[in-house]
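J.: These two chains come separately, so use the hints to put the complex back together.
Top line first, the protein sequences correspond to chains A and B.
In this text, residue positions in the first sequence follow numbering that gives the first Met the number 0: the first is 0, and each later residue adds one.
In this text, residue positions in the second sequence follow numbering that gives the first Met the number 0: the first is 0, and each later residue adds one.
Everything labelled a hint here was simulated from the structure, so no lab data went into it.
Honestly, I wouldn't trust all of these hints.
Straight-line distance between alpha carbons at most 20 Å, and here's what the computed SDA-like set of lysine to any residue pairs gives [as the list claims (entries may be wrong)]:
hint	chain 1	residue 1	chain 2	residue 2
1	A	108	B	168
2	B	1	A	20
3	A	203	B	148
Covered stretches of chain B (chain A as the covering partner; in silico rule of three or more C-beta atoms under 8 Å from a C-beta of chain A) [said to hold, decoys possible]:
hint	segment
4	24–31
5	35–44
6	82–88
7	167–175
Since we're looking at a predicted model, the values are computed, not measured.
Even glycine gets a Cβ: it sits at the ideal position worked out from N, Cα and C.
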Amino acid sequence: MGKYYVLVLEEGIKAFSVVGHGQECKFTFALKGQSEPFSDLEDGDKVIGYISNEVKRFEYLFEVKHSVDANDSILVKLFEMSQGPQIDILSDAVKKKIYDNEQTQSFIKINEVEYQEIINKMLVANKNAYDVQTSENFEIDEAKRIPGGTNTLLYGVPGSGKSWTIEHEYCKPSTIVERLVFHPDYTNADFVGQILPVVDPIDKQVTYEFTPGPFTDILKEAYLHSTQAYVLIIEEINRGNAPAIFGDIFQLLDRAFDEKTADGVTYPIGTSEYGITNDNIAKTVYNNGNQKVRIPSNLSILGTMNTSDQNVFTLDTAFQRRWNMRLIENNFDNVRGSLANAEILDTGVNWQQFCETVNTIIIGNRAKMASAEDKRLGVYFVHEQDLKFDNRSLPTGDFITTFDELNDLARLEILGTLDGDKKERLSDLRDAMIHNRLFPEKVIKYLWDDAFKFNPEALFDTENMDCLETVIKTFVNDKGDNRLRIFKQTVRDALYPSQS
Amino acid sequence: MKVQSFIKRLNATELGLVATNDTFVAIPKEVDLSDMLVDQKAMDISDRATGMNYTSENSNIKYVQTGQNGQERISGLGQYYAAVDAKVGDEILIERIDDRRGSRYLLDFYHRNAIVFQKYPDGVEILPNDYIAKYVIGDDYQMEVQFEGKMCQLDVKFVKKKKKKVISPNETKFYDLIINDSSILPNYSYQEYIEVLTDGMRLGRMKTYLHSIVEMMEDKDG
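The following block holds chain B by itself, in its conformation from the complex (with noise of 0.2 Å):
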């Protein structure tokens, strides 16, 4: 028996919600799944939690390389993501069990409650979901996290407004991170994501995304 279990922690691109209303799973390079997924083959995937299938009849959910750069991605989630009301820093998994019943995917999905920031060289971007919204004052917002193992004051300062590239029809806001009167962003790097998790509050670095394998070595089935 093998498992292999992809885990995304998700992005407002990858949720729609800027620039296109594509919504997919982002592959990083660095990992490799050809082993795992058939490329441009509709996928039929279950969803763990609710037992519902997605098959090449209902939804298009595949994968795909795409783009300019070739990005590998897992396409066609918009479904999926609308019936488990998806938000930026939630978590996705897709998951192959080949086994002695043959092979199949599953999706399961995890509500994370965090409010997401990334990096960028003027500050950083709040991704959009409702965690933030109740720290607001004024421009900033303000809250109080857990930081290197103790509590401390966290203020998300507003910097400026600025288009992210030319082409961009929007202005973004940009936020500096400031904890004990300093800027913790030097200790992150360009479009690094930075996140609290409301759930005590714990301020720390994103893991984006994590991927295993689990093989028995001598299969239980027999």
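In isolation and in its complexed conformation, chain A is listed as follows (with noise of 0.2 Å):
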């Protein structure tokens, strides 16, 4: 059975981190007192390197490859962490071992139980270390990878509820997830990783290296961990330029459908049918920059895009193809009730009576509105809050508007003779005039000036208000069904059947 070491390495000595992560390396050591400090070293045996001096961390992990005699080691790099855990977060055991020899000794031998819980808190400390394997076991068994990962294509109007179904539908709680958003300046670079500047951890000279993306880090991370499922959901991907972001990516997208076997090994169902050559990412995944890359199929890859946006960018088919496409129904089916049967303001109608009143209308557009469906509001449009009224903006006192009384303190404010009370109510007065605002500016404004754009008419009382300041400025400074009053007499009608 192996033994189990801790190697106290000096704040100094930082030639481990040029040592690639699985490369050998010959460690030869002497320090004062520990002439024959490898002489109990076996093959197989686990080195943990621990930073002395002020720093008090464990970075490396290492595995005795080979033994050559009491001075010389070959070592195996196993894993290395930037900030590993520090020793004060150990039990007082373990921290007692390492503090009673570290100044005496370089090589302190721990038992197996305190070797698990200083690994075990690097692997918390760093959920990007590498897993925990022996040499013999560091080829990755692709037999026991979890199968079927697909790329899924989530798409419906703003507010529909992707995110929420990503959540809820695609992600298990044990689920790795990563999250990204594509944007207009978002590139290949920033996805997959790109050579940049680094200083080299022992003479300080600017080298440059390949420094992964989001891409590259969980494609290595599900390699790395074949019986742990991983998510990687790329949020608003039709905002970025998506075939030219994911770049020769896209050929990886394809996933079999069946078992496949390539260059020796047999990949499970969901791995990317055809492998690429990237010399970039294989080194950073695979240790090998020859080996070909394909998604593993512990990998999925969710996106969103949202259909009715502007500023966007299309997809082609040929990207399309590569994925399944999910349409998220815009309905109250599944929205809870507090936000459906929230009354918006103090109009007396409720979210989902109106949403639905408005998006018939939307629908019955067609005419003047080029895809109409995408253009509904979204059931998550707005959020509960938004529709909540807040009463503090109604007039007090012998007030009749909300506008007298908070010109009144205005006044005041500006001539310098507002008491405490007042100076309290006018700053309700402003709070609550903000909030009630929300609704209006948001959906008010998203159906004056995109949904109807064209024919604001067909929604809105155009004879007496034709401007989006007028329609505005008459729900906020009304008050409750007269608020809607914006609205041309048949759209009233449907949101109050009991007055028509």
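T.: This is the structure in structure tokens:
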């Protein structure tokens, strides 16, 4: 059975940082008082690198590949962490063992329980750390890999619940999820990785190395942890130029529907059908620049896109073909009651009623609008909080309107004669008015400026209100059902059937 | 790629604080740096922290064998010690890197903030640095230290004043180190260094040097 050691490294010894993961190095060591530090080392022993002095962190894990003699050993670096756990978080017993010996020894023998305690802390401290693997099982066993990886694109109107669906239907609690958002400036270099200057840890000189992006990072994680499910979520995939961002990765989106054998390895269903040559990714993920890159079957990619937005890129057919498409229906079936039934301010109309009424009109507006369906209000278009009426905006005392009261208080504020109570009232009034504008500024503006841009008369009372400013002002300044005077009579009849 | 590192924790002699003003790093007999250093030739060496280059034109750092016993040293470090404000117990790193860019030497320095004692037959000598001053009580010193995993009171009790050698110009103060009414000095050997790291006040032996070589089996640079 292998033995376990803590190797006390001085802060200045940075040579191990240039040893690659899985790479062997010959380590020769001598220090005062331990003339033969490696005399007990045997093949397969594990050595945890501990940086002493002020750092006091566990940052390396090595395995003894071959103990040459009492002063030389061949070590394999299994992993390195940039910010490993500090000794302070270990149990008192382990701390004591290290503290008692680190001043006099550089190899401190520990037992398996102590080793596991340190390793567990290291893994928790850095989820990017490699699995603790022995050299014997360093080869990944594809037979144990979770199969069935897919690429799925969820689309629907803004606020229809795409992100909610991903979280509740596609991700189990144990799934490791990485989420990123495409935007017009997002590039292949951001996504996959790029050559960046890095400071050599030993001599502080600048060198240029491939720095992986989120795609390569999760690819590596998923490759190394074959029994763990991973999901990469790309929000707003069509806000960036997706085909350009994916670049050669595009080819990897073709997933195998059967087990596939290539280069002597049988890959599970859901692995990339075709491997590509990409030296930088291959070196990062497999430690071997010649290996063909494939998306492993335990990594699924989910994308979301709004179908109605302007300023988005088109996704070509070849790109879309490689994704399973999933329309997220825009209905209230799964919407919580507190949102669906929430009254819009003091109008007496709830969100579901409003949303469904307006969406019916939008769908009927096809003649005037291309892809009218995409212009519907998403059921999650607003937040529940945005709908609540802040009644502090109602006038108090002898004031007939809110604006009379606001103007009076503002005048006193300018004169500097505002007392404490009135100061507080003015502050409340302003907060309440800002809050009560959230709904019209978000929903009414969208309907006027976007959904009914070409024929506002289909929804609004354009005979009396001919611009957005008047519409918003009317909604904000009126009370109760009068706020919805902004809509034409047929719409109001639908919203207030009892009044018609 | 091959990285050879030699770390030394400095004593007063190496810092030029006693006897001579020589400033150097003494290389222990049991350490073979013949593969790392070139005898008698001024070294081109860079300070890892500041990037300052010490060359034959602006310094005289070199590996030499000197004295009657042919002690190996890296000498000419006065300028560097002054620049880094070196104190007894601090750590200097000298490193040689061989890679596709050739060979180069690097220097680095770490302040360890240690109170350092050295054992002699009459007790320990307190090696001169500033860290012990605040623990003075009359002729003695007293501090709380971690020793064998427990916090204990360490009494540094004055024993006598005596010349270390007949030819020594000055007398040296010697002290006993007492924990729980017992001297701990029998646990230590002649001229061994004992230190208290002010960070955590841990008392223990001082590892005076460390030599390591890390050689990549399959060069990362290709």
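J.: Provide an ascending list of the numbers of those earlier hints which the structure does not satisfy.
T.: 1, 3, 5, 6 and 7
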